[in-house]
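Q: So the sequence lines, in the order shown, correspond to chains A and B.
Quick note on the numbering used here: the first sequence kicks off at 133 and runs consecutively.
Quick note on the numbering used here: the second sequence kicks off at 20 and runs consecutively.
The set of hints was computed from the structure by calculation and includes no laboratory data.
Bear in mind the structure is a predicted one, so any value in this text is a computation, not a measurement.
Among these hints, one or two may not hold up.
Label-pair distances were calculated between CB atoms; the ranges are [to be verified]:
#1 A:Leu198 - B:Ser136: 27 to 33 Å
#2 A:Asp196 - B:Ala326: 49 to 55 Å
#3 A:Asp336 - B:Arg135: 38 to 44 Å
#4 A:Glu304 - B:Ala326: 56 to 62 Å
#5 A:His159 - B:Leu147: 40 to 46 Å
#6 A:Leu431 - B:Arg135: 48 to 54 Å
#7 A:Lys315 - B:Arg135: 41 to 47 Å
#8 A:Asp196 - B:Ala139: 39 to 45 Å
#9 B:Ala139 - A:Glu429: 54 to 60 Å
#10 A:Glu443 - B:Ser136: 54 to 60 Å
#11 B:Pro224 - A:Ala300: 23 to 29 Å
From chain B, some residues computed to sit far from chain A (all C-beta separations above 10 Å) [to be verified]:
#12 Gly140
#13 Asp182
#14 Ala231
#15 Phe240
#16 Gln249
#17 Leu253
#18 Asn321
Covered by chain A, per the in silico footprint, the following chain B stretches (three or more residues, Cβ under 8 Å) [said to hold, decoys possible]:
#19 205-212
#20 215-227
C-beta: ideal position from N, C-alpha, C; glycine also.
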Amino acid sequence: MSDVRLENISKRFGDTLALEGISLHIHDDEFFVLLGPTGAGKTTTLRVIAGLEKQDDGHVYLDDRLMDGAQPADRDVAFVFQQYSLYPNMSVYDNLAFPLRSPLRRLPEGEIRQRVTGAAEKLRITHLLERKTARLSGGEMQRVSIGRAIVRQPRIFLMDEPLSNLDAKLRESLRVELKHLQKTQGSTTLFVTHDQIEALTMADRIAVLDQGKIIQNGTPFDIYDRPATTFVAQMVGTPRINLIAAEWQDGAYRTPGAALSFARQNGAAAEKVLVGVRPEDVRPGAGDFRGEVMLVEPLGVETILHIRTGEITLLCVVSGLSSIQLGEVLSFGFAVERLHFFDMNGRRL
Amino acid sequence: MSQVNAQRGLSSRQETAPPTGRRQLSDMRIVQLFILPTIILLILMNIFPLIYSLFLSFTNYSVISSDPPVWVGLDNYTHILSDPDFWHNFATTGTYALLSVSLQTIVGFALAMLLRSKFAGSGIITTLVLVPMMLSPIVVAVFWRLIFNPSYGILNPILGFTDINTSPEWLGDPALALWAIVIVDVWQWSPFVMLLCLAGLSAIPEYLYEAAAIDRASVWFQFRRITLPQVMPLLLIAVLFRTIEAFKQFDLVQGLTFGGPGDATETVSVELYRLAFQGQFETGLSSALAYIVLVVIVAISNLYIRALNRLREG
Numbered sequence: 133m134s135d136v137r138l139e140n141i142s143k144r145f146g147d148t149l150a151l152e153g154i155s156l157h158i159h160d161d162e163f164f165v166l167l168g169p170t171g172a173g174k175t176t177t178l179r180v181i182a183g184l185e186k187q188d189d190g191h192v193y194l195d196d197r198l199m200d201g202a203q204p205a206d207r208d209v210a211f212v213f214q215q216y217s218l219y220p221n222m223s224v225y226d227n228l229a230f231p232l233r234s235p236l237r238r239l240p241e242g243e244i245r246q247r248v249t250g251a252a253e254k255l256r257i258t259h260l261l262e263r264k265t266a267r268l269s270g271g272e273m274q275r276v277s278i279g280r281a282i283v284r285q286p287r288i289f290l291m292d293e294p295l296s297n298l299d300a301k302l303r304e305s306l307r308v309e310l311k312h313l314q315k316t317q318g319s320t321t322l323f324v325t326h327d328q329i330e331a332l333t334m335a336d337r338i339a340v341l342d343q344g345k346i347i348q349n350g351t352p353f354d355i356y357d358r359p360a361t362t363f364v365a366q367m368v369g370t371p372r373i374n375l376i377a378a379e380w381q382d383g384a385y386r387t388p389g390a391a392l393s394f395a396r397q398n399g400a401a402a403e404k405v406l407v408g409v410r411p412e413d414v415r416p417g418a419g420d421f422r423g424e425v426m427l428v429e430p431l432g433v434e435t436i437l438h439i440r441t442g443e444i445t446l447l448c449v450v451s452g453l454s455s456i457q458l459g460e461v462l463s464f465g466f467a468v469e470r471l472h473f474f475d476m477n478g479r480r481l
Numbered sequence: 020m021s022q023v024n025a026q027r028g029l030s031s032r033q034e035t036a037p038p039t040g041r042r043q044l045s046d047m048r049i050v051q052l053f054i055l056p057t058i059i060l061l062i063l064m065n066i067f068p069l070i071y072s073l074f075l076s077f078t079n080y081s082v083i084s085s086d087p088p089v090w091v092g093l094d095n096y097t098h099i100l101s102d103p104d105f106w107h108n109f110a111t112t113g114t115y116a117l118l119s120v121s122l123q124t125i126v127g128f129a130l131a132m133l134l135r136s137k138f139a140g141s142g143i144i145t146t147l148v149l150v151p152m153m154l155s156p157i158v159v160a161v162f163w164r165l166i167f168n169p170s171y172g173i174l175n176p177i178l179g180f181t182d183i184n185t186s187p188e189w190l191g192d193p194a195l196a197l198w199a200i201v202i203v204d205v206w207q208w209s210p211f212v213m214l215l216c217l218a219g220l221s222a223i224p225e226y227l228y229e230a231a232a233i234d235r236a237s238v239w240f241q242f243r244r245i246t247l248p249q250v251m252p253l254l255l256i257a258v259l260f261r262t263i264e265a266f267k268q269f270d271l272v273q274g275l276t277f278g279g280p281g282d283a284t285e286t287v288s289v290e291l292y293r294l295a296f297q298g299q300f301e302t303g304l305s306s307a308l309a310y311i312v313l314v315v316i317v318a319i320s321n322l323y324i325r326a327l328n329r330l331r332e333g
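Please work from the sequences and hints to get the whole structure.
A: What follows is the structure, encoded as structure tokens:
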């Protein structure tokens, strides 16, 4: 059983408020992702949980035990750093065995060997065990770092952008492995990233952080389909969501610069709104609106169309390779049930 | 417009550039002209004396005698290596090098660990610690002679010896004189070791210690497994430099004890100086001795460099 609870955590560095009233509850076996741009306070949150940083306000509970004054060693957490924090001049085996050889643990060497080889097998680094860490590639180093976390059974795995220093291909494959590992081991994980794809693909739950505050907390489904603010809406999803300013006029929200109109939906009663349309919810071919194709980006599995109507350029995604040509004038519509309405401050209506 | 001008300028330059005198210097020749003075200087000041002294080491030459050098083969070398006095000099130098280098390493490293974390005034303190290194050895020797002085020196009272009759005579006691030189050398050169260690320490990333803290590593474990291995390459370089210097130790000895009392602090360099420039001016014999010292230093340096390379390879 592992259960992590943050209550109203605040942290200041000099004059800057890094965290402001962060409250989180991470349940047993959960893969929890903290998503946010650089400087949002994701890493600081992680470091506060690990005890590497002391919060100014609020409380950290691990398994319902107050941990505010506890040293990192006493919190029984594992931390995977963004930089490959391997101990130099030691072999991969010794690196993996390092946390088990701590004088505070006193495990017999036989069990250490068993656990190290077990972890190495899971991460497919058995052939590297005798190698010195200086002779590893980036992906191998990060595997060893992760291995050093999984050799022991900590309360929680804290991972600080462990994939961001890897190239795209490696990142993808390690992402799959990490998720698989987490599911088979049932290890509670708090994973920090600025990459929305990592967040959506791996998380059971996501908390979106901006400027030290939690903006939204929910499942990937919630985050993508019911973004609480325009910030969240823009943070997840590629290509980016279309945000269109519209005004209430003659029984519909109409755009000033283009001939677009949207019907009012569930309680959106404001005079002016921002309408969010995901690119996949722009449907070319049929509909009430017309626009000119300004750019076609074929990606193979899908094609991104830039459709210009009036003063607005909409992004539109269609699946597969499209036969639509540059300069073509086409009619399009929206998946009306999937539109998002925000007030002018960016809050969901 | 400007483009046209530029083009015209280019073509006219090409046309109107006849092979003038300066133009005739090829790149190769310019390179040679720049390098030549250095090479001539090097040959005159370093290479010729080196080879000439090697030749002299096989002769009985003396600069103050009018006799030409006479080839004596390995006589000088066998004489030195079979004379217990020379062995005593080597033993003194070795003891001195061992004591002073190991003490400097310990003190320098400890200072670096203390000054590693930034605190108010740590910058100025670091600079102040470096001051001894900037002084001339002769100045240092003269001042320390005053400090060591048994009747009015400040060291003995500080150490608690107030009675002149029983207080130690640092420079006059054969058992203490070598230690006195070691103390001064450690005082002067520990900052050098500290400086290199500080450079090594500041290069260790903080997250390694954080990872270790989370992995429940003890402080000793962190020191042995993270700090020491990371500082080792720079520490070895400091030790190498200090060892070479220790084997050449001359100025401090000359300034503090002149090799005395008796021959208690007579290092090889001091003996070399006496052979070459005092009494008989035995140029041949002293050249042989100098070559033996050279071989010893090269051998020791090689050991260090090998250790260093092993470290680098990980």
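Q: Now, for every hint given, state plainly whether the structure supports it.
A: Status of each hint after checking the structure:
Distance hint for Leu198 (chain A) and Ser136 (chain B): a CB-CB separation of about 30 Å, consistent with the stated range 27 to 33 Å. At roughly 53 Å, the beta-carbon separation of Asp196 (chain A) and Ala326 (chain B) lies within the given 49 to 55 Å, and the hint holds. Remark: the range hint 38 to 44 Å for Asp336 (chain A) to Arg135 (chain B) is upheld by a beta-carbon distance near 43 Å. The supplied range of 56 to 62 Å is broken by Glu304 (chain A) and Ala326 (chain B), whose beta-carbon atoms lie about 43 Å from each other.
For the hinted restraint 40 to 46 Å between His159 (chain A) and Leu147 (chain B), the CB-CB distance of approximately 57 Å leaves it violated. Between Leu431 (chain A) and Arg135 (chain B) the beta carbons are some 52 Å apart, a value that agrees with the proposed interval 48 to 54 Å. Separation of Lys315 (chain A) from Arg135 (chain B) is about 44 Å and conforms to the stated range, judged on CB atoms against 41 to 47 Å. Checking the proposed 39 to 45 Å range against Asp196 (chain A) and Ala139 (chain B) shows it holds: the Cβ atoms sit about 42 Å from each other.
A hinted range of 54 to 60 Å for the beta carbons of Ala139 (chain B) and Glu429 (chain A) is consistent with their spacing of about 57 Å. As the Cβ distance of Glu443 (chain A) to Ser136 (chain B) is approximately 59 Å, the hint placing it in 54 to 60 Å holds. The given range of 23 to 29 Å is respected by Pro224 (chain B) and Ala300 (chain A), whose C-beta atoms sit roughly 25 Å from each other. Distance to chain A confirms Gly140 (chain B) as a non-interface residue, since its nearest Cβ pair spans about 21 Å, more than 10 Å.
The beta carbon of Asp182 (chain B) is kept farther than 10 Å from every beta carbon of chain A, the shortest such distance being approximately 50 Å. Once the 10 Å rule is applied to beta carbons, Ala231 (chain B) is inconsistent with being away from chain A; the minimum gap is 8 Å. A cut-off of 10 Å between C-beta atoms contradicts the statement that Phe240 (chain B) is not in contact with chain A; the least separation is 7 Å. Listed as a non-interface residue, Gln249 (chain B) fails to keep its Cβ farther than 10 Å from every Cβ of chain A; the least gap is roughly 7 Å.
With a minimum CB-CB distance of about 14 Å to chain A, Leu253 (chain B) clears the 10 Å threshold, and the non-interface call stands. Consistency note on Asn321 (chain B): stated as away from chain A, and its beta-carbon is indeed over 10 Å from all of that chain's, at 23 Å minimum. Coverage of the segment 205-212 of chain B by chain A is violated. Counting CB-CB distances below 8 Å, 0 residues qualify, and the rule asks for three or more. Coverage of the segment 215-227 of chain B by chain A holds. Counting CB-CB distances below 8 Å, 3 residues qualify, and the rule asks for three or more.
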